[in-house]
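> If you want my numbering, it's the position in the sequence shown, counting the first as 1, plus 20.
I should point out that these hints are in silico values taken from the structure, not numbers from a laboratory.
Incorrect hints may have been included.
[What the hints assert, rightly or not] Below 30 Å or equal to it, Euclidean Cα-Cα: the simulated DSSO-like pairs (lysine-lysine) are: (1) Lys126 x Lys193; (2) Lys126 x Lys211; (3) Lys126 x Lys143; (4) Lys149 x Lys211; (5) Lys197 x Lys186; (6) Lys149 x Lys197; (7) Lys234 x Lys278; (8) Lys197 x Lys211; (9) Lys234 x Lys211; (10) Lys231 x Lys277; (11) Lys277 x Lys295; (12) Lys192 x Lys126; (13) Lys197 x Lys126; (14) Lys231 x Lys278; (15) Lys186 x Lys295; (16) Lys234 x Lys186; (17) Lys278 x Lys211; (18) Lys277 x Lys234; (19) Lys234 x Lys192; (20) Lys221 x Lys197; (21) Lys231 x Lys211; (22) Lys193 x Lys234; (23) Lys186 x Lys126; (24) Lys231 x Lys197; (25) Lys211 x Lys221.
[Claimed, not checked] What follows is a list of derived Cβ distance ranges for each label pair: (26) Asp214 x Ser33: 34 to 40 Å; (27) Ser293 x Gln91: 45 to 51 Å; (28) Gln205 x Ser293: 23 to 29 Å; (29) Gln182 x Ser106: 21 to 27 Å; (30) Leu260 x Glu298: 17 to 23 Å; (31) Val296 x Lys149: 34 to 40 Å; (32) Arg265 x Gln205: 19 to 25 Å.
The beta carbon of each residue, even a glycine, is placed where N, CA and C say it ideally should be.
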Amino acid sequence: MIELINISKQYSSLKAVDDLSLVVQPGRICGFLGPNGAGKTTTIRMLMNIIHPDEGSIQFDGSPERPAAEQFGYLPEERGLYQKISVEETLRYFAHLRNVSDANDKILALLEQFDLHERLNSKVSELSKGNQQKLQFINTILHDPEYIILDEPFSGLDPVNQLVLKQILDEKKAAGKTIIFSSHQMDQVEKICDDVVMIHKGSSVLAGDLKTIKRRHGQTQLQVIPESPADLEHPIFSDLEADIRDDAAYLSLDGNKKQDLISRINQVLAVQSIKVDEPGLEEIFIQLVQGERT
21 MIELINISKQ YSSLKAVDDL SLVVQPGRIC GFLGPNGAGK TTTIRMLMNI IHPDEGSIQF
81 DGSPERPAAE QFGYLPEERG LYQKISVEET LRYFAHLRNV SDANDKILAL LEQFDLHERL
141 NSKVSELSKG NQQKLQFINT ILHDPEYIIL DEPFSGLDPV NQLVLKQILD EKKAAGKTII
201 FSSHQMDQVE KICDDVVMIH KGSSVLAGDL KTIKRRHGQT QLQVIPESPA DLEHPIFSDL
261 EADIRDDAAY LSLDGNKKQD LISRINQVLA VQSIKVDEPG LEEIFIQLVQ GERT
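Using the sequences and the accompanying hints, generate a full structural model.
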């Protein structure tokens with residue numbers, strides 16, 4: 021377990037992190053969310069002991085004593101790979117630093133999983149942005165760390181490799197690892213994370229179980245897509261005060277029974293699809309921030 025307790029960090033006149041607390045449980049993936057400049061990277065650098073908080077403390081499994089460096093796997097937003105050596109040399113070097121046993125087999129297996137095995141002898145500088153990101157992720161997990169800290173891990177990855185990364189994170193979660201996933205791409209976080217912490221201007225605005233947050237915040241709606249786009253102008257949608265956008269009608273379920281709405285619509289329209297549309301994290305975040313300003 022990782023616990024950040026009331027940590028703050030000031031840079032001149034900028035309060036980058038302001039009295040922030042969060043708890044990350046083992047065997048769960050915690051999404052650390054916020055727009056660029058919200059304080060995510062500063063928080064992670066404090067967690068990784070690269071910089072120190074001005075106030076507050078960081079504990080691991082209830083203790084202020086920091087675990088050995090080998091127990092951490094950190095993927096920074098900025099790539100830090102040596103550009104002039106090969107893929108194989110890179111991974112062998114870091115495996116040696118971390119005393120990885122059976123390093124050759126582990127390196128080859130991970131390169132195969134990410135379809136990088138044919139680039140074993142390529143220099144890092146010869147790899148594309150996406151392949152460098154894959155290499156950096158492999159380096160992050162090669163030593164099987166207990167604490168996995170990922171800052172914008174999907175940067176440069178295509179959908180296939182995003183899926184591979186997600187599968188590996190699911191395996192690490194099942195093994196009881198403690199995982200923090202920092203990103204401003206909230207749609208990606210929804211697919212991966214169990215818990216989320218949203219920050220704005222260095223402070224937490226929302227934290228907790230993802231499913232619970234989505235139930236409690238925002239407005240659940242019924243999305244209706246008629247077979248004919250012209251039917252979006254049907255009087256029933258005006259009567260129900262529907263929000264018409266993106267070739268669909270969105271109806272509030274507050275005070276309305278879902279089955280009654282579906283029955284009314286099916287009586288008067290041919291419908292392509294009807295489904296419950298939960299609020300996304302981005303929508304919830306915007307509502308919270310706007311509410312803070314009013």
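> Against this structure, judge whether each hint is valid.
Here is what the structure says about each hint:
Between the alpha carbons of Lys126 and Lys193 the distance comes to roughly 19 Å, so the proposed pair stays at or under 30 Å and holds. With a C-alpha separation of about 27 Å, the suggested pairing of Lys126 with Lys211 holds against the 30 Å cut-off. Taking the CA atoms of Lys126 and Lys143, the gap is near 20 Å; set against the 30 Å cutoff, the hint holds. At roughly 23 Å between alpha-carbon atoms, Lys149 and Lys211 fall within 30 Å of each other, so this suggested pair holds.
As the CA atoms of Lys197 and Lys186 are separated by approximately 14 Å, the hinted pair is consistent with the 30 Å bound. For the suggested pair Lys149 and Lys197, the alpha carbons sit about 27 Å apart, so the restraint of at most 30 Å is met. The straight-line distance between the Cα atoms of Lys234 and Lys278 is roughly 18 Å, inside the 30 Å bound, and the hint therefore holds. For the hint linking Lys197 to Lys211, the alpha-carbon distance of about 18 Å falls within 30 Å, and the restraint holds.
At most 30 Å may separate the alpha-carbon atoms for a hinted pair to count; Lys234 and Lys211 meet this at roughly 13 Å. Straight-line distance between C-alpha atoms of Lys231 and Lys277 comes to about 21 Å, which keeps the hinted pair within the 30 Å bound. Taking the CA atoms of Lys277 and Lys295, the gap is near 13 Å; set against the 30 Å cutoff, the hint holds. Restraint check: the Cα-Cα separation between Lys192 and Lys126 comes to about 15 Å, which is no more than 30 Å; the hinted pair holds.
The hinted pair formed by Lys197 and Lys126 meets the criterion: a straight-line CA distance of about 18 Å does not exceed 30 Å. Proposed proximity of Lys231 and Lys278 is supported: the alpha carbons are some 20 Å apart, at most 30 Å. Only pairs whose Cα atoms come within 30 Å are accepted, and Lys186 paired with Lys295 is accepted, the gap being roughly 26 Å. Taking the CA atoms of Lys234 and Lys186, the gap is about 21 Å. The hint holds against a cut of 30 Å.
Taking the CA atoms of Lys278 and Lys211, the gap is about 26 Å. The hint holds against a cut of 30 Å. Straight-line distance between C-alpha atoms of Lys277 and Lys234 comes to about 19 Å, which keeps the hinted pair within the 30 Å bound. Restraint check: the Cα-Cα separation between Lys234 and Lys192 comes to about 25 Å, which is no more than 30 Å; the hinted pair holds. Proposed proximity of Lys221 and Lys197 is supported: the alpha carbons are some 29 Å apart, at most 30 Å.
Taking the CA atoms of Lys231 and Lys211, the gap is near 11 Å; set against the 30 Å cutoff, the hint holds. The hinted pair formed by Lys193 and Lys234 meets the criterion: a straight-line CA distance of about 22 Å does not exceed 30 Å. Simply put, Lys186 and Lys126 have alpha-carbon atoms about 18 Å apart, close enough for the 30 Å limit, and the pair holds. A C-alpha spacing of about 21 Å is found between Lys231 and Lys197, which places the hinted pair at or below 30 Å, so the restraint holds.
Of the supplied pair hints, the one linking Lys211 and Lys221 holds, its CA atoms being roughly 25 Å apart against a limit of 30 Å. Distance hint for Asp214 and Ser33: a CB-CB separation of about 37 Å, consistent with the stated range 34 to 40 Å. For Ser293 and Gln91, the hinted distance range of 45 to 51 Å is satisfied, since their beta carbons lie about 48 Å from each other. About 26 Å separates the C-beta atoms of Gln205 and Ser293, a value consistent with the hinted range of 23 to 29 Å.
Taken as a hint, the range 21 to 27 Å holds for the pair Gln182 and Ser106, whose Cβ atoms sit roughly 25 Å apart. At about 19 Å, the beta-carbon gap between Leu260 and Glu298 stays in the expected band of 17 to 23 Å. Take Val296 and Lys149: their Cβ atoms lie about 38 Å apart, and the range 34 to 40 Å holds. At about 22 Å, the CB distance of Arg265 to Gln205 agrees with the hint of 19 to 25 Å.
The structure shown violates none of the earlier numbered hints.
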